[in-house]
Amino acid sequence: MTKKQKRPSDELSDEQLLEMYYYMVLSRKLDERMWVLNRQGKAPFHISGIGHEAIQVAQGFAMRKGHDWYFPHYRDIATCLILGVTPRHMMLALMGKEGDIFSRGRQMPEHFSYKPAKIVSVSSPVATAIPQAAGTALASKLQGKDEVTIVGFGEGSTSEGDFHEGLNWAGIHKLPIVFVCQNNQYAISVPVSKQMAVENVADRAVAYGIRGVVVDGNDILASYDVMKEAIERARRGEGPTLVEAKTYRPVPHSTADDDRSYRSREEVEAWKKRDPILLFEKVLMERGLLDEAKKQEVLDRVMAQVEDAVDYALNQPYPPVESAAQGVFGDSPLVKWSKGVKG
Amino acid sequence: MTIKTNLQAVRDTLMEIMERYDNVVVMGEDVGPRGGVFQATRGLYERFGPERVIDTPLAELSIVAVAIGMALNGYHPIAEIQFADFIFPAFNQIVNEAARYRYRSNGAWPVPMIIRAPYGGGVAGGLYHSQSVEAFFTHVPGLYVLAPSTPKDIVGLLRAAVQVPDPVLFFEHKRLYGLVKGEVPEEYYEIRLGEADIKRQGDDITVVAYGLALHEAIKAADKLSEQEGIEAEIIDLRSLVPLDLDTIYESLRKTSKILIVHEDNQTGGWGAEIAARIAEEMFDWLDAPVMRLGGPDVPAVPYAPPFEKWFLPTADKIEAKMRELAEY
Chain H
-3 MTKKQKRPSD ELSDEQLLEM YYYMVLSRKL DERMWVLNRQ GKAPFHISGI GHEAIQVAQG
57 FAMRKGHDWY FPHYRDIATC LILGVTPRHM MLALMGKEGD IFSRGRQMPE HFSYKPAKIV
117 SVSSPVATAI PQAAGTALAS KLQGKDEVTI VGFGEGSTSE GDFHEGLNWA GIHKLPIVFV
177 CQNNQYAISV PVSKQMAVEN VADRAVAYGI RGVVVDGNDI LASYDVMKEA IERARRGEGP
237 TLVEAKTYRP VPHSTADDDR SYRSREEVEA WKKRDPILLF EKVLMERGLL DEAKKQEVLD
297 RVMAQVEDAV DYALNQPYPP VESAAQGVFG DSPLVKWSKG VKG
Chain C
758 MTIKTNLQAV RDTLMEIMER YDNVVVMGED VGPRGGVFQA TRGLYERFGP ERVIDTPLAE
818 LSIVAVAIGM ALNGYHPIAE IQFADFIFPA FNQIVNEAAR YRYRSNGAWP VPMIIRAPYG
878 GGVAGGLYHS QSVEAFFTHV PGLYVLAPST PKDIVGLLRA AVQVPDPVLF FEHKRLYGLV
938 KGEVPEEYYE IRLGEADIKR QGDDITVVAY GLALHEAIKA ADKLSEQEGI EAEIIDLRSL
998 VPLDLDTIYE SLRKTSKILI VHEDNQTGGW GAEIAARIAE EMFDWLDAPV MRLGGPDVPA
1058 VPYAPPFEKW FLPTADKIEA KMRELAEY
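In the order they appear, the protein sequences are chains H and C.
The letter at position 279 of the first sequence is residue 275 when you use this note's numbering, and the numbering goes up by one with no holes.
Basically this note's numbering = 1-based index in the second sequence + 757.
Read the hints as simulated data drawn from the structure, not as lab findings.
Ideal Cβ positions, reconstructed from N, Cα and C, are used throughout, including at glycine.
You may find that some hints are simply not true.
[What the hints assert, rightly or not] 30 angstroms max Cα-Cα, derived DSBU-like pairs, lysine-lysine: (1) H:Lys137 <-> H:Lys25; (2) H:Lys332 <-> H:Lys224; (3) H:Lys335 <-> C:Lys956; (4) C:Lys1066 <-> H:Lys332; (5) C:Lys976 <-> C:Lys909; (6) H:Lys38 <-> H:Lys141; (7) H:Lys332 <-> H:Lys61; (8) C:Lys1066 <-> C:Lys1011; (9) C:Lys938 <-> H:Lys335; (10) H:Lys2 <-> H:Lys332; (11) H:Lys278 <-> H:Lys335; (12) H:Lys2 <-> H:Lys141; (13) C:Lys1078 <-> C:Lys909; (14) H:Lys268 <-> H:Lys111; (15) H:Lys93 <-> H:Lys38; (16) C:Lys1011 <-> H:Lys332; (17) C:Lys909 <-> H:Lys332; (18) C:Lys1066 <-> C:Lys1078; (19) C:Lys1078 <-> H:Lys335; (20) H:Lys25 <-> H:Lys141; (21) H:Lys25 <-> H:Lys335; (22) C:Lys980 <-> H:Lys335; (23) H:Lys332 <-> C:Lys938; (24) H:Lys278 <-> H:Lys290.
[As the list claims (entries may be wrong)] A few chain C positions that, by computed beta-carbon distances, are all more than 10 angstroms from chain H: (25) Met758; (26) Leu829; (27) Tyr858; (28) Ser862; (29) Ala917; (30) Pro922; (31) Glu952; (32) Thr1024; (33) Met1039; (34) Tyr1060; (35) Pro1063; (36) Asp1073.
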């Protein structure tokens, strides 16, 4: 008789499991509303995390909030909510309003940045964060700190040279870093079969001398197990992991994309059976932690947050136009800017 | 006062900076035990060890990107690109990332770092070991671009650069490493970014230059003074960004004639922006068109010795242009 090995998710309390569920629903409902606001002309752009909630909530719970470093994937709404970004922050960024903590209206939405939680500012060119994250991890290691760096990206990013270089550094220096690839099968319209010749992104880990793990990114507890283990291994000095969370993107790439040209509606419909929220509801119900009444309670609580965030953001002004000309450089007594004649 | 070469100025200041600031690291290809292919980091590895003097993989993109990541987490890295010609794999990280982090995060994430690179021709380096690349970076809001050409300026500016909370490109002319010797004061001093220096006073024409062109311009000016009584005022920019227009304009008010000389390809070189600003703001002061003398518009400095001489801003070419301006 073999004893079943204890998994990290076995350590989660009932309260924590329900909190995870709450964040999945909160992320989903905020996200769905953002699509609506865009179609209503109230938000110029939105890029979505719908379908990714399991891996995103799992990684959020697996990291040490405010201690570990986090370079988000631009879809990581749920993770950022767990780390302290509020629904209001999300809506302010969506509309580019004053009070936007990510960038004061300078960046497109979902370019998260929140220093108190060590959420490093997201840029649009993908994969650039990967070797930067290696640098942050190297800095932690050299300073003898037990911080772990987590960096997220899609499978398209793994074709960029930045991916190769970042993983190479991580392997050479055995860095305290976890690379999290959310493989949702599409880079805008380009399917994974045109993106790479290998079956799994994680298969590449061996080329860098690091550990690679594939996980079902729609199974929140399996994802949590993999993420928790990878993060704690890194923290103990056992080196990097490349986690590949297999998932799916049931919505277009962004509000600027139309996915009808590159995939069938039947394929998208089929995903609904694997909706990570549905799958977790089944698990919670089996454990007696969720029933229809409790589901409604969570939904009501979530929708109150959503409505508050939307109303608040709609009523905020834009940042003053003059603010866009400021803050290119920091002030320094060692820098002299001459005015010329016109200044 | 001590006499140092440009190379000694770089190396000694790096050593001093590493002693003074615990959070400075030096990183690049061959910077460790080899001491750098130009010996700019000689002795640092023996003194500070592999945790502060880091031999990197052959990967410019990640030399810069890892430095960015370290800068976000408490360090002030000094990254070396072995030859400026090889900076382009890192271009995205420098321009889209390092230069934009502060602005895009509304000040939350500044990137304090220095990227050093040897540039310029005159060492039989050919098309890919002789380039001037400053013009690609002077265009980008968010980057400081420095090109000091004497030991005193190198020391003062490098000391300042490491205290500035933003990315600094620090270009060192490789021909001048051993060629230029100069006095460096014993007492501690810093030179602010954005301050040009008048290397030679004169009333007749203003010449703005940096790098090898600066030293050749001084030679040309001395000859013109001796032989034809033309007195050129030579301004060493030292900083390309910030650009010291105050010093340039003050000189122009005196001379009314200005020539900008640089080794980089003339078209779209940094001189073009300086010329445009002067034309816009100082038109009434001009007694002659704004003149420029830049490198020929071919892809960098060719290898064969006559080709190299043809490309580079030698004293004879500068002298001819200065005479043309003085006689206008």
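Against the structure, the hints:
| no. | hint | in the structure |
| --- | --- | --- |
| 1 | H:Lys137 <-> H:Lys25 | violated, 39 angstroms |
| 2 | H:Lys332 <-> H:Lys224 | violated, 49 angstroms |
| 3 | H:Lys335 <-> C:Lys956 | holds, 22 angstroms |
| 4 | C:Lys1066 <-> H:Lys332 | violated, 36 angstroms |
| 5 | C:Lys976 <-> C:Lys909 | holds, 19 angstroms |
| 6 | H:Lys38 <-> H:Lys141 | violated, 44 angstroms |
| 7 | H:Lys332 <-> H:Lys61 | violated, 40 angstroms |
| 8 | C:Lys1066 <-> C:Lys1011 | violated, 33 angstroms |
| 9 | C:Lys938 <-> H:Lys335 | violated, 33 angstroms |
| 10 | H:Lys2 <-> H:Lys332 | violated, 61 angstroms |
| 11 | H:Lys278 <-> H:Lys335 | violated, 66 angstroms |
| 12 | H:Lys2 <-> H:Lys141 | holds, 28 angstroms |
| 13 | C:Lys1078 <-> C:Lys909 | holds, 28 angstroms |
| 14 | H:Lys268 <-> H:Lys111 | violated, 36 angstroms |
| 15 | H:Lys93 <-> H:Lys38 | holds, 12 angstroms |
| 16 | C:Lys1011 <-> H:Lys332 | holds, 23 angstroms |
| 17 | C:Lys909 <-> H:Lys332 | holds, 19 angstroms |
| 18 | C:Lys1066 <-> C:Lys1078 | holds, 17 angstroms |
| 19 | C:Lys1078 <-> H:Lys335 | holds, 29 angstroms |
| 20 | H:Lys25 <-> H:Lys141 | violated, 37 angstroms |
| 21 | H:Lys25 <-> H:Lys335 | violated, 51 angstroms |
| 22 | C:Lys980 <-> H:Lys335 | violated, 34 angstroms |
| 23 | H:Lys332 <-> C:Lys938 | holds, 27 angstroms |
| 24 | H:Lys278 <-> H:Lys290 | holds, 13 angstroms |
| 25 | Met758 | holds, 23 angstroms |
| 26 | Leu829 | violated, 6 angstroms |
| 27 | Tyr858 | violated, 6 angstroms |
| 28 | Ser862 | violated, 4 angstroms |
| 29 | Ala917 | violated, 4 angstroms |
| 30 | Pro922 | violated, 4 angstroms |
| 31 | Glu952 | violated, 6 angstroms |
| 32 | Thr1024 | holds, 23 angstroms |
| 33 | Met1039 | violated, 7 angstroms |
| 34 | Tyr1060 | holds, 29 angstroms |
| 35 | Pro1063 | holds, 38 angstroms |
| 36 | Asp1073 | holds, 32 angstroms |
The structure fails hints 1, 2, 4, 6, 7, 8, 9, 10, 11, 14, 20, 21, 22, 26, 27, 28, 29, 30, 31 and 33 (numbered hints given earlier, in ascending order).
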